[in-house]
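Trainee: For chain A, the structure is supplied; the task is to place chain B on it using the hints.
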Amino acid sequence: MSQKIQDASIPTIPLNARFSRWFGRNMLRIYMIFGFTYLFIPVAYTFAFSFNDSGKSNLIWKGFTLSNWQNPCGAPEVCNALGNSIKIGLLATIFSTILGTMIAFAIGRYKFKGRSSSNLLIFLPMATPEIVLGASLLSLFLVFSINPGFWPTVIAHVVFCISFVVVTVKARIASLDPRLEQAAMDLYANEFETFRRVTLPLVAPGIAGAALLAFSLSFDDFIITNFNSGTLITFPKFVYISAARGIPAQANVIASAMFFLALAIVIVAQLVSRRKAR
Amino acid sequence: MTFPKVRVPYLLLLPGFAFLFTFFILPIINLAQTSTQTPIAGGDTGEYEQTLAFSNYIQAFVENREQFGRSFLYATLATLLALAIAYPLAYAIAFKSGKYKNILLVLVVAPFFTSFILRTVAWKQILGEEGFVVPGLRALNIIGEQTTLTSTSVAVVAGMTYNFLPFMTLPLYASLERIDPRTIEAAGDLYANGLTAFRRVTVPLSMPGVVAGTLLTFIPAAGDYVNAAILGSPNTKMIGNVIESRYFKIVDYPTASALSFTLMVAILILVTLYIRKAGTEKLV
Chain A
1 MSQKIQDASI
11 PTIPLNARFS
21 RWFGRNMLRI
31 YMIFGFTYLF
41 IPVAYTFAFS
51 FNDSGKSNLI
61 WKGFTLSNWQ
71 NPCGAPEVCN
81 ALGNSIKIGL
91 LATIFSTILG
101 TMIAFAIGRY
111 KFKGRSSSNL
121 LIFLPMATPE
131 IVLGASLLSL
141 FLVFSINPGF
151 WPTVIAHVVF
161 CISFVVVTVK
171 ARIASLDPRL
181 EQAAMDLYAN
191 EFETFRRVTL
201 PLVAPGIAGA
211 ALLAFSLSFD
221 DFIITNFNSG
231 TLITFPKFVY
241 ISAARGIPAQ
251 ANVIASAMFF
261 LALAIVIVAQ
271 LVSRRKAR
Chain B
1 MTFPKVRVPY
11 LLLLPGFAFL
21 FTFFILPIIN
31 LAQTSTQTPI
41 AGGDTGEYEQ
51 TLAFSNYIQA
61 FVENREQFGR
71 SFLYATLATL
81 LALAIAYPLA
91 YAIAFKSGKY
101 KNILLVLVVA
111 PFFTSFILRT
121 VAWKQILGEE
131 GFVVPGLRAL
141 NIIGEQTTLT
151 STSVAVVAGM
161 TYNFLPFMTL
171 PLYASLERID
181 PRTIEAAGDL
191 YANGLTAFRR
201 VTVPLSMPGV
211 VAGTLLTFIP
221 AAGDYVNAAI
231 LGSPNTKMIG
241 NVIESRYFKI
251 VDYPTASALS
261 FTLMVAILIL
271 VTLYIRKAGT
281 EKLV
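Chains as they are written, first to last, in the working numbering: chain A, 1 to 278; chain B, 1 to 284.
Don't read these hints as lab results, they were simulated from the structure.
There may be inaccurate statements among the hints.
Straight-line distance between alpha carbons at most 30 angstroms, and here's what the computed DSS-like set of lysine-lysine pairs gives [to be verified]:
no.	chain 1	residue 1	chain 2	residue 2
1	A	Lys237	B	Lys124
2	A	Lys62	B	Lys96
3	A	Lys87	B	Lys99
4	B	Lys249	A	Lys276
5	A	Lys237	B	Lys99
6	B	Lys96	A	Lys276
7	A	Lys113	B	Lys277
8	B	Lys99	A	Lys276
One chain only, chain A, in its complex shape (with noise of 0.2 angstroms):
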């Protein structure tokens, strides 16, 4: 019945506007075609070169080889710097999700005195310009004598990499069910338990997620790390540096192998939450 009506109506809408309603349609999809290849314009170029057969500046299409990604490391200081990153990343990722997920758990799980000016101090490191907290940082080690190198570096990225994971696995926090909580008080589990088996499992996707992002946000940094990492070279750190004399199609292999990486992570990872889900 309401097939026919359906199949009845199609006539009387005028021609024009059904044409604009199907652009209207895909208009959005077009776009969306558009925007993604304003993304990925500057990712492909950086894999196409790097398999330019370039040299030593990696300025001019040259021909194709692989010899940059059988020996990424071929250029000097490359494969130290991204030694380096992924150092300072992986502590700094251990030490922001650690301190941040506890903080999480105090605020969004707990009325206290004073929750809202601790919203306040997570709310301000990323209200903080990079170069004010790279620069304030340094100026601190500077008064204690401290020479910027790796450990103030690794500080540094955990001061800002901090307030994402408490905002991201509150998020994760806010939306579970307070009803499965109860359910295991209700089968005598203790609140101990009830958290080991019930809520942290519950939360772990979300406190994944934001070691993910401390991870990248760290690896990827390269304000607050020049203020504070000295003569420490580090991979962003070394690209900039380069970039005035050329960078070595090196780097362009680590970048496009990172990128590749990362995003095989995050699709077996989405895979699995959806197979767990069924």
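Mentor: Showing chain B alone in chain A's frame:
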């Protein structure tokens, strides 16, 4: 539990807040202190004493008002551009992508994983003299022989727009995705056409995302100096470039501190006014 329950939240907060106090609050206080110091007479470069010279602020601001203005102008432009580009994108992902939603969402974040400096340098090379865009446009007579795309303020704003686009898209998507489609249907039932429903229902409901996205774009953009350093020229220097060179090249800590502190306070005031105005205090 061995400790009274009231203390649990404070115990959970303690390590994190002790850390933030030591490495965030103390540095800011120290920054404020450094900002009023003056060079020690007859001392070495980089030696300063506290003289409560608040004139540092006036001097720093007057000397660099152009760069301050540029920072806020570029950041505002980049934020508005990013909003204009990201809103339809986030809308399309939230409402028109069906089962591909998660994959598209991953793709928004994916460029993040390639070093952002490398992507900025890539733009410089794509749009530079040796890239394929400029010779192409010249061959088609769209731009003249003298016109360049890099080393201009347009390039800096475009670079910032590009780099902060995911920061804008994600919160927009999050708030659009949360909208109950029945509210939009209800608007239709009440004889609102598509545009009216969008303007009166979708946009107001997505405001938390707009606020969060604009903040996450504006704040880093206002303090950024990487885009200006890679894509700009000496005429596009932002306040970040000045602070950076005051620290590392001139070793003028008081001026650099005064500039940093001014930037931070200016941004905090703007952000507070903006959140008040937008009426969403429940941001964090």
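Trainee: Would you mind marking each hint as holding or not holding in the structure?
Mentor: How the hints compare with the structure:
no.	hint	verdict
1	A:Lys237 x B:Lys124	holds, 17 angstroms
2	A:Lys62 x B:Lys96	violated, 42 angstroms
3	A:Lys87 x B:Lys99	violated, 37 angstroms
4	B:Lys249 x A:Lys276	violated, 55 angstroms
5	A:Lys237 x B:Lys99	violated, 39 angstroms
6	B:Lys96 x A:Lys276	holds, 25 angstroms
7	A:Lys113 x B:Lys277	holds, 27 angstroms
8	B:Lys99 x A:Lys276	holds, 17 angstroms
Violated hints, listed in ascending order, are 2, 3, 4, 5; each of the other numbered hints is respected by the structure.
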